[in-house]
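Engineer: Chains as they are written, first to last, in the working numbering: chain V, 1 to 111; chain A, 112 to 589.
Bear in mind the hints are in silico, worked out from the structure with no lab data behind them.
By construction, the Cβ of each residue, glycine as well, lies at the ideal position given by its N, Cα and C atoms.
Check each hint, because a few of them may be wrong.
With a straight-line cut-off of 27 Å between C-alpha atoms, the simulated DSS-like cross-links for lysine-lysine are [stated by the list, open to error]:
| id | chain 1 | residue 1 | chain 2 | residue 2 |
| --- | --- | --- | --- | --- |
| 1 | V | Lys20 | V | Lys92 |
| 2 | A | Lys291 | V | Lys107 |
| 3 | A | Lys203 | V | Lys92 |
| 4 | V | Lys107 | A | Lys507 |
| 5 | A | Lys378 | A | Lys135 |
| 6 | V | Lys95 | V | Lys20 |
| 7 | A | Lys561 | A | Lys429 |
| 8 | V | Lys95 | A | Lys378 |
| 9 | A | Lys291 | V | Lys48 |
| 10 | V | Lys107 | V | Lys95 |
| 11 | A | Lys429 | A | Lys539 |
| 12 | A | Lys561 | V | Lys107 |
Partner residues are not named here, just some residues of chain V that face chain A (Cβ under 8 Å, in silico) [stated by the list, open to error]:
| id | residue |
| --- | --- |
| 13 | Val37 |
| 14 | Ala39 |
| 15 | Gln69 |
| 16 | Ile82 |
| 17 | Leu85 |
| 18 | Leu87 |
| 19 | Glu101 |
| 20 | Asn109 |
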Amino acid sequence: MLEAFIFATILIGFFGIVFKQNLVMKIISMDVMSTGVIAYYVLVASRKGLFTPILGNKENINYADPVPQAVILTAIVIGFSIQALMLVGVMKLAKNNPTLESSEIEKNNTP
Amino acid sequence: MNTLTIIWIAIPLFIGFTIYLLPKIDRYLALVVAIVSAGYALQIFSHTSPLNLNLLDNFAVILVVDHLSGFFILTNAIVTAAVILYCWNLEKTAFFYTQLIILHGSVNSAFICADFISLYVALEVIGIAAFLLIAYPRSDRSIWVGLRYLFVSNTAMLFYLVGAILVYQAHHSFSFAGLKGSPPEAIALIFLGLLTKGGIFVSGLWLPLTHSESETPVSAMLSGVVVKAGVFPLVRCALMIEEIDPIIRLFGVGTALLGVGYAVFEKDSKRMLAFHTVSQLGFILAAPEVGGFYALTHGLVKSALFLIAGVLPSRNLKELKHQPIYTPIWIALVIASFSISGFPLLSGFGAKILTMKNILSWQAIGMNLAAFGTAISFAKFIFLPHDSQTGQGKVKPGFWPAMALLLGGLIIANVVYFQAYTVANTIKPLATIFLGWLAYFLIFQRSIIKFPRAIEQFEHLIGGMSLMLILIFWMVFP
Numbered sequence: 001m002l003e004a005f006i007f008a009t010i011l012i013g014f015f016g017i018v019f020k021q022n023l024v025m026k027i028i029s030m031d032v033m034s035t036g037v038i039a040y041y042v043l044v045a046s047r048k049g050l051f052t053p054i055l056g057n058k059e060n061i062n063y064a065d066p067v068p069q070a071v072i073l074t075a076i077v078i079g080f081s082i083q084a085l086m087l088v089g090v091m092k093l094a095k096n097n098p099t100l101e102s103s104e105i106e107k108n109n110t111p
Numbered sequence: 112m113n114t115l116t117i118i119w120i121a122i123p124l125f126i127g128f129t130i131y132l133l134p135k136i137d138r139y140l141a142l143v144v145a146i147v148s149a150g151y152a153l154q155i156f157s158h159t160s161p162l163n164l165n166l167l168d169n170f171a172v173i174l175v176v177d178h179l180s181g182f183f184i185l186t187n188a189i190v191t192a193a194v195i196l197y198c199w200n201l202e203k204t205a206f207f208y209t210q211l212i213i214l215h216g217s218v219n220s221a222f223i224c225a226d227f228i229s230l231y232v233a234l235e236v237i238g239i240a241a242f243l244l245i246a247y248p249r250s251d252r253s254i255w256v257g258l259r260y261l262f263v264s265n266t267a268m269l270f271y272l273v274g275a276i277l278v279y280q281a282h283h284s285f286s287f288a289g290l291k292g293s294p295p296e297a298i299a300l301i302f303l304g305l306l307t308k309g310g311i312f313v314s315g316l317w318l319p320l321t322h323s324e325s326e327t328p329v330s331a332m333l334s335g336v337v338v339k340a341g342v343f344p345l346v347r348c349a350l351m352i353e354e355i356d357p358i359i360r361l362f363g364v365g366t367a368l369l370g371v372g373y374a375v376f377e378k379d380s381k382r383m384l385a386f387h388t389v390s391q392l393g394f395i396l397a398a399p400e401v402g403g404f405y406a407l408t409h410g411l412v413k414s415a416l417f418l419i420a421g422v423l424p425s426r427n428l429k430e431l432k433h434q435p436i437y438t439p440i441w442i443a444l445v446i447a448s449f450s451i452s453g454f455p456l457l458s459g460f461g462a463k464i465l466t467m468k469n470i471l472s473w474q475a476i477g478m479n480l481a482a483f484g485t486a487i488s489f490a491k492f493i494f495l496p497h498d499s500q501t502g503q504g505k506v507k508p509g510f511w512p513a514m515a516l517l518l519g520g521l522i523i524a525n526v527v528y529f530q531a532y533t534v535a536n537t538i539k540p541l542a543t544i545f546l547g548w549l550a551y552f553l554i555f556q557r558s559i560i561k562f563p564r565a566i567e568q569f570e571h572l573i574g575g576m577s578l579m580l581i582l583i584f585w586m587v588f589p
């Protein structure tokens, strides 16, 4: 069930990138898609259990797998920095053209 | 050797940021990094057994350094050095050199890693550094081209991440070897990411616009090494897992034909070179065992050609026919064109022969057709008019050292496969080139067919990814 929701998030984000005309909306759709991917990593990590793997005196409880969580942190940071970079680019474009429609910008800027 | 590898990986990133602190000596520092990489690559060739590094137990970083990586790293080092020499007197800021070196370092790390997460990090850093280089002139067009590149590559990498976690779920490790026995959707998703990033087949159609619209040194860098960072993992996977090998070979043939098909009809010199990159990547994939040598040759040739295209008086091949070019430039152009068409005495010949020897029988027709198309499209360059007087002063001072490095590399690289020089081997490429020229004069010189560019539009590229995903899934489904 949760898995289905996560895949729905990824797909909705993907279709947002394709169908939204506004460049900022496209970037936000990409963010939605990456949120879905991150959620999927967290889901896979918690398949075996939900507890944090921290040393304590309890025995034999089901720990969550720390590897996917550690790995996805990198992807979160990278995704965040790419978005910042893209928004700066879009700001610069929007300053020079009075539009954010991607098809208009594409028409003006391809040979 | 282990320590050496780690130092060598860290050096570009360290020096890259140092360049920004010491802008006075930016060029020298950048050149030092390229030389260190070249030295390391030569070091690799002296070792016979591959070097395996497992950092942090089985969970995280796995590095494999063998002769295949050696070829790719050498390409990277030489092309970077040539680009730095080209930019020597061009008043680039320290920021440009910083990005160039970070790009160099991240491409290097993509060439040695053997697990999906390090590869992801390397590819994303490449994406960011390449975007900053493309957008360096800060014009509207360059920003749009860069944004488009970042969008396409980031979307592809998101699919790739989903694939990586599926591999982890099946094997509890991110290693490349885990691709065997993973569910087919994992392979499909990962391949979609790598194919898009590497510019292979239909998902690589973002490449022509990006490479042709960026600045001369940047396109040389992009075409010479950056796309190979996406191709290299595919080659590595094909060598490690035999189930994947036929798929990679099939994509190789498809890409070679697609790129050449566009290139033959293209009238813009830089776009033609970009389409040629697509087709040459196909050659690398068509024979994964010997892909390294082909990548070296192609990196040298293609960056040389892009640098030459930058000093030609016009980009339109029709106009070039009426404007004679300065003879030394023409000679450099001819050497590079001959190498890429596979003329003997240049390493393109050895690489083509080696590739043709290692392809399977069902690939032969397609690859020969692609080689024939290469000869046709480069006839456009070879038969341009030239003149020893005009345009003498236009050449930038860094141009000739860069050319000397790249074209010299082409001649020296011949020693890698000197066994290619037999009579039987020599006849076939010569015949191919001759037939290609004949076809050029009889048919293609007058052709005015123009392919529509609708498929290269941004939304179609992203939408095309979903179709490619279905196609790859159907190919890998048992």
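Engineer: Run through the hints listed earlier and report the numbers of any the structure violates, in increasing order.
Structural biologist: 2, 4, 5, 8, 11, 14, 15, 18, 19
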